[in-house]
Amino acid sequence: MPLWLDLLIRVVAVVAGFLVVPLVVGQMEHKVMAHMQGRLGPMYAGAFHGWAQLVADGLKFVQKENITPRDADKRVFHLAPVVALFPYLIVLLAVPLGPGGLVAQSLDIGLFFVLAVLGVGVVAVLMSAWASANKYSLLGGLRGAAQLLGYELPLVLSAASVAMAAGTLSLPGIVEAWRPWWLLWQAPAALVFFVSGLAEIRRPPFDMPIADSELVFGYMTEYTGLRFAFFLLAEYVGIVVIAALTTVLFLGGWHGPAADQLGWLWTLVKVFAVAFVVIWLRVSYPRLREDQLQRLCWLVLVPVALGQLILTAAVKVAL
Amino acid sequence: MSEHPGRRTPGKGLVDGLAVTLKTMTRRSGTQQYPDVEPDLPPRSRGVIALLEENCTVCMLCARECPDWCIYIDSHKEEVVVPGAARARQRNVLDRFDIDFSLCMYCGICIEVCPFDALHWTPEFEYAETDVLDLLHDKNRLGDWMQTVPPPPAHDVLGEPSKEETTAARKAAGPGAATPAKVARPAARPAAAPKAPAEEPGEGAER
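The listed protein sequences derive, respectively, from chains A and B.
Numbering follows the working numbering, in which position 64 of the first sequence is assigned residue number 64; successive positions increment by one, without gaps.
Numbering follows the working numbering, in which position 88 of the second sequence is assigned residue number 88; successive positions increment by one, without gaps.
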């Protein structure tokens, strides 16, 4: 296969996954949330249990007027949704789907790369918040900055633990080295990673920067039409990314019965299971207050992650 | 945890919350898919007011009692010549009976006061209009809704017999027979009456 064709297939596959999987997760959120609240959720779009609801939503957003506030910093305002969305696409490139190089771009420092690119999200939040020239946006953006910077630390520390255990930074390498008993060994790190990942993508109960009951819609307040849809898509891609990273780092990625043939299926099943938990948590828990948010991060997650690092090192040395 | 003696193991509340949502998800949802599936309304639901035109005597009680005056009645008198009678009888003929459902507040007083059961509640509720002025419904429309009036509930076998039944029974028994009212009410008040005279100031109906 020529290089360009190989490259094309990989890029097209990642873009297709980038567009389809978040929509499936979004639809799952609609339906799961509805049924958890004793409702039915969308039932009409697409004629069968509203399967096309998000497609219809997308079409609606495309038709809407794109409003830019008069006082907004126009170029930054227009750029922010793309900056919010793009890092997640890049991250998906490095996430391995199955064994034998079933990954768009295998990187030796995949974990480092992924965490570094995820960190760009805070820039998008600050860009949209400051450029909107709106006090609610600014409040939401500053809350978002405090939250994202704070939760970056436990995220990285818990990921470092698993990298230490596997002895590699390559994501396929980590899955290759993974053993089922790691589920127990790395359980605190998995929990810390998942919770701080939730906070990183600003999902309820960590949606303080958005907080629609107090800040209108936080840093997205002034966005309309397609740009707003980009932010919403970024949220769902964020779920997929965090679910995929949790799967790859802590739940053994493609490991499972008949992993050689069905590895990709196992990865997808695990990703959707984690995404279900993300939705489940959203439905079950109220939003954390700002001080509770910071307290959880600095007084619980960071110490637990540090303790996990010591545990991992101890076990690693003992083996 | 001396401040909270009743406090249970930490994290139990979080798990309980997750359990509640998961259990709700496995149950059937309570949503009624209304435009596709007709709602299952109780038979005595108060949807709209129907008119049985034949029962109306144009006594105007409903129109007077209506708190927001949303009933409009017009009528004229007709002479009915009864063969053999000394003079012709007069009878009211209903020309117009409109209820303005943009004003109606569904208190049901008109139905309560109607002495001849000309007005009825029906569970019918699909009469929305795009213009508020179209909510003035005439007697034909109100009469059409009579078909949706459910049959009255069956008489309670343990309850008092209806007035019609007791009257018929009394007439059959002949004049001077004991009526339920005479039997039920003692001729003289018992000795309890003078004990607490101040306790029932409002009950002027009792002699």
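Calculated directly from the structure, the hints in this document are not laboratory data.
Among the clues, some could well be false.
Claimed, not checked - Simulated DEER-style distance windows between Cβ atoms:
hint, chain 1, residue 1, chain 2, residue 2, range
1, A, Arg-289, B, Lys-12, 18 to 28 Å
2, B, Glu-53, A, Ala-47, 13 to 23 Å
3, A, Gln-294, B, Leu-103, 13 to 23 Å
4, B, Leu-14, A, Gln-294, 15 to 25 Å
5, B, Glu-112, A, Arg-289, 34 to 44 Å
6, A, Val-269, B, Leu-14, 41 to 51 Å
7, A, Ala-13, B, Pro-39, 39 to 49 Å
8, A, Val-15, B, Lys-12, 15 to 25 Å
9, A, Arg-289, B, Ile-109, 34 to 44 Å
10, A, Met-1, B, Leu-14, 26 to 36 Å
11, A, Arg-289, B, Asp-156, 28 to 38 Å
12, A, Arg-289, B, Ile-111, 29 to 39 Å
13, B, Pro-39, A, Gly-256, 19 to 29 Å
14, B, Thr-24, A, Glu-290, 26 to 36 Å
Said to hold, decoys possible - Listing some non-contacts, in silico: residues in chain A with all C-beta distances to chain B over 12 Å:
hint, residue
15, Arg-10
16, Ala-52
17, Leu-79
Claimed, not checked - Think about it this way: if two alpha-carbon atoms lie no more than 35 Å apart in a straight line, the pair counts; the simulated DSBU-like pairs of lysine-lysine are:
hint, chain 1, residue 1, chain 2, residue 2
18, A, Lys-135, A, Lys-64
19, B, Lys-139, B, Lys-163
20, A, Lys-60, B, Lys-23
21, B, Lys-12, A, Lys-316
22, A, Lys-64, A, Lys-74
23, B, Lys-139, B, Lys-77
In this text, a Cβ means the ideal position worked out from N, Cα and C, and glycines have one as well.
So, going through the hints one by one against the coordinates:
About 21 Å separates the C-beta atoms of Arg-289/A and Lys-12/B, a value consistent with the hinted range of 18 to 28 Å. A hinted range of 13 to 23 Å is violated for the C-beta pair Glu-53/B and Ala-47/A, which are about 45 Å apart. At about 57 Å, the beta-carbon gap between Gln-294/A and Leu-103/B misses the expected band of 13 to 23 Å. Range check, Leu-14/B to Gln-294/A: Cβ separation about 19 Å, and the 15 to 25 Å hint holds.
At roughly 53 Å, the beta carbons of Glu-112/B and Arg-289/A sit outside the given window of 34 to 44 Å. Our hint of 41 to 51 Å for Val-269/A and Leu-14/B is violated, since their Cβ atoms are close to 25 Å apart. For Ala-13/A paired with Pro-39/B, a C-beta distance near 48 Å keeps the hint of 39 to 49 Å intact. Between Val-15/A and Lys-12/B the Cβ separation comes to about 45 Å, which falls outside the hinted range of 15 to 25 Å.
Evaluation of the 34 to 44 Å hint for Arg-289/A and Ile-109/B yields a failure: the beta carbon distance comes to about 51 Å. Taken as a hint, the range 26 to 36 Å is violated for the pair Met-1/A and Leu-14/B, whose Cβ atoms sit roughly 50 Å apart. Look at Arg-289/A against Asp-156/B: about 57 Å separates their beta carbons, and that is not inside 28 to 38 Å. Between Arg-289/A and Ile-111/B the C-beta distance comes to about 53 Å, which lies outside the given range of 29 to 39 Å.
Between Pro-39/B and Gly-256/A the beta carbons are some 47 Å apart, a value that contradicts the proposed interval 19 to 29 Å. At about 29 Å, the CB distance of Thr-24/B to Glu-290/A agrees with the hint of 26 to 36 Å. Its beta-carbon lying about 37 Å from the closest one in chain B, Arg-10/A satisfies the requirement of being farther than 12 Å from that chain. For Ala-52/A, the requirement that its beta carbon stay farther than 12 Å from each beta carbon of chain B is met, with the minimum near 18 Å.
Its beta-carbon lying about 38 Å from the closest one in chain B, Leu-79/A satisfies the requirement of being farther than 12 Å from that chain. Distance hint between Lys-135/A and Lys-64/A is fulfilled; the C-alpha atoms sit about 24 Å from each other, no more than 35 Å. A threshold of 35 Å between alpha carbons decides the hint, and for Lys-139/B with Lys-163/B the separation of about 30 Å falls inside it, so the pair holds. Distance hint between Lys-60/A and Lys-23/B is fulfilled; the C-alpha atoms sit about 34 Å from each other, no more than 35 Å.
For the suggested pair Lys-12/B and Lys-316/A, the alpha carbons sit about 33 Å apart, so the restraint of at most 35 Å is met. With a C-alpha separation of about 18 Å, the suggested pair Lys-64/A and Lys-74/A falls inside the 35 Å cut-off, and the hint holds. The hinted pair formed by Lys-139/B and Lys-77/B meets the criterion: a straight-line CA distance of about 18 Å does not exceed 35 Å.
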